[in-house]
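Using the hints, position chain B against chain A.
Chains as they are written, first to last, in my numbering: chain A, 1 to 304; chain B, 305 to 608.
Keep in mind that a hint or two might mislead.
Okay, the calculated beta carbon distance ranges per label pair [to be verified]:
hint : chain 1 : residue 1 : chain 2 : residue 2 : range
1    : A       : D226      : B       : L320      : 52 to 62 Å
2    : A       : A111      : B       : T381      : 47 to 57 Å
3    : A       : Q87       : B       : N512      : 56 to 66 Å
4    : B       : R369      : A       : E150      : 26 to 36 Å
5    : A       : W43       : B       : A359      : 43 to 53 Å
6    : B       : D394      : A       : E240      : 50 to 60 Å
7    : B       : E536      : A       : T155      : 37 to 47 Å
8    : A       : A201      : B       : E517      : 45 to 55 Å
9    : A       : K264      : B       : P599      : 53 to 63 Å
10   : B       : P599      : A       : E150      : 24 to 34 Å
11   : B       : A529      : A       : D13       : 48 to 58 Å
12   : B       : G506      : A       : A111      : 21 to 31 Å
13   : A       : E232      : B       : R439      : 23 to 33 Å
Just some of the chain A residues that point at chain B, by a computed CB distance under 10 Å [claimed, not checked]:
hint : residue
14   : V5
15   : P68
16   : R99
17   : H109
18   : N158
19   : W161
20   : K264
21   : I266
Stretch-level coverage of chain B by chain A, calculated; a stretch enters the list once three of its residues show a Cβ under 8 Å from a Cβ in chain A [as the list claims (entries may be wrong)]:
hint : stretch
22   : 412-422
23   : 444-455
It should be emphasised that the hints constitute simulated quantities derived from the structure, not laboratory data. Glycine is no exception: its CB is placed at the ideal position from the N, C-alpha and C atoms.
Protein chains: 2
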Amino acid sequence: MASNVQGFAYVKDRYLPLEDATIPVIDWGYRRSDVTYDVVTVWKGAFFQLDAHLARFRRSMKSLRLKPRESDDEIRTCLIECVRRSQLRDAYVAVDCLRGTPAAEKLSHPANADNYIIAFARPYVSIMSEDVQKRGTHLIVASAQRIASESVDPTVKNFHWGDLTQGAFEALDAGADGCVLLDRDKNVTEGPGYNVFSVVAGKVVTPNRGALEGITRMSVIELCADERIQCEVRPLPVSEFLQSDEIFITSSAGGIMPVSRINKTILCNDRPGPVSSHLRQRYWERREQGWHATPVDYDSVESS
Amino acid sequence: MASNVQGFAYVKDRYLPLEDATIPVIDWGYRRSDVTYDVVTVWKGAFFQLDAHLARFRRSMKSLRLKPRESDDEIRTCLIECVRRSQLRDAYVAVDCLRGTPAAEKLSHPANADNYIIAFARPYVSIMSEDVQKRGTHLIVASAQRIASESVDPTVKNFHWGDLTQGAFEALDAGADGCVLLDRDKNVTEGPGYNVFSVVAGKVVTPNRGALEGITRMSVIELCADERIQCEVRPLPVSEFLQSDEIFITSSAGGIMPVSRINKTILCNDRPGPVSSHLRQRYWERREQGWHATPVDYDSVESS
Chain A
1 MASNVQGFAY VKDRYLPLED ATIPVIDWGY RRSDVTYDVV TVWKGAFFQL
51 DAHLARFRRS MKSLRLKPRE SDDEIRTCLI ECVRRSQLRD AYVAVDCLRG
101 TPAAEKLSHP ANADNYIIAF ARPYVSIMSE DVQKRGTHLI VASAQRIASE
151 SVDPTVKNFH WGDLTQGAFE ALDAGADGCV LLDRDKNVTE GPGYNVFSVV
201 AGKVVTPNRG ALEGITRMSV IELCADERIQ CEVRPLPVSE FLQSDEIFIT
251 SSAGGIMPVS RINKTILCND RPGPVSSHLR QRYWERREQG WHATPVDYDS
301 VESS
Chain B
305 MASNVQGFAY VKDRYLPLED ATIPVIDWGY RRSDVTYDVV TVWKGAFFQL
355 DAHLARFRRS MKSLRLKPRE SDDEIRTCLI ECVRRSQLRD AYVAVDCLRG
405 TPAAEKLSHP ANADNYIIAF ARPYVSIMSE DVQKRGTHLI VASAQRIASE
455 SVDPTVKNFH WGDLTQGAFE ALDAGADGCV LLDRDKNVTE GPGYNVFSVV
505 AGKVVTPNRG ALEGITRMSV IELCADERIQ CEVRPLPVSE FLQSDEIFIT
555 SSAGGIMPVS RINKTILCND RPGPVSSHLR QRYWERREQG WHATPVDYDS
605 VESS
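The shape of chain A in the complex, shown without the other chains (with noise of 0.2 Å):
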């Protein structure tokens, strides 16, 4: 493909490749970032965790009170469609429901407005790239505190980045590969894309609040249950968290990663660590043998 940007979207019922998709200016899915959004990844020609992605996607869409016109299995269709079409094996794939655009020249209620779907396909990436993975990310712990709940709800899929992106500033002044958010009470929460897990003695710990609840840090816990790993899910204080014996990060985007440097402090030598590493190893097998995959049919692509 002679473009820069390679994948394929859908649109309002249309299929297009993904460099003429695009939203309004004044979409309040932009304009109030009055959205909300889900990524869910296909290897070697297959979803993974499909289903409860769609799940969340739809909890999601029902806590903001957005009803798009499309049902569950229409906007499976539109994903495997995506795919299917891009003829990627390895994509990126998200779906968002927005808000819209309000009917009338005035400002009205997001009551009023026709929520819509957006998906596309896109080649796969990492939140890290291999040579970070190998080596073992570094990140830091940054300033700007995590949005709280009460504010806007961590577990409903979201843009409101800003905290985020702040994070993510501060990681590049440190000269580091990422970075981790705390809340107001000094416990560790996400970072921009991603879980964070601590391991102490054996045993893995990943927060229960404040993050989202992702389909990742979902299966590195079944993960763990399968590989006889004490999992817990519980608050973890940042000065528990900087006591690690092994950090790890997971997304969608990336699987599990290993965290080689926090802050000043450097974990297992500079390396990986044993127990992130397997965790990481097996992660990759078990998707590799059809762990709740979803293949794709490539072949009977529709005409757009």
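Below, chain B without anything else, positioned relative to chain A:
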């Protein structure tokens, strides 16, 4: 104009009808709400407080490390040109600076994106309709908590409206026209698109933190000084706010708008109060007299 969307826009060096102005679905201005904006109004052919808006917009961009190629003078020209081309005598004029789309087909750092300006002029709108302004706005105190300053700086105008949108739905459910959000210490902050003022015993109070430093708010403070009305800028606890003699809200989109009900409490016999009404009248009188005005030269429209 036959179209539903009236107005003119500027997007990356091009002027075009507002209905054709779009942004890519993969732009971080949308996907991470990594954007700041400002709104100026034109009334009877003249901008109000144009310099103050341009200065605030530049401060917001600097705070988010957004560097568009346009200077302040060029942005001023964009706004004037959008109004000229639209030929609107009363206009709502928005200007956004978006982070942009990462150059490569991978997730990269926001520092690497090409930031850019979008501007548009559309017909003037008020937050509250003329009818509501006449009878007095009905407000509720929402349960949604305003996003804390430690997470997202409210003085940098932003689209993180999740809490405000939730408040708007709470207002709808309660049969009210709008809402006011509190911070976690139960101080009044702001509503969706407006600042809030309380009047007690002829004295005006507005919050000093947790809210946008609105240009109309600033103009009201100036107006109070000119009219010899005492105006305090300080924390405003909700307990004090609910005992107000009068309440009014301010926005570029509507000016000064009196409130006649707060929660179940009826203010001033269910009508706009005397101080609010006086300030509202003086505000529009002075705008007509050229207060902080920059007249638009409509005759010099260039061909597009």
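>> Which constraints among the numbered hints does this structure fail? Numbers only, ascending.
In response: Violated hints: 2, 10, 12, 13, 15, 20, 21; rest satisfied.
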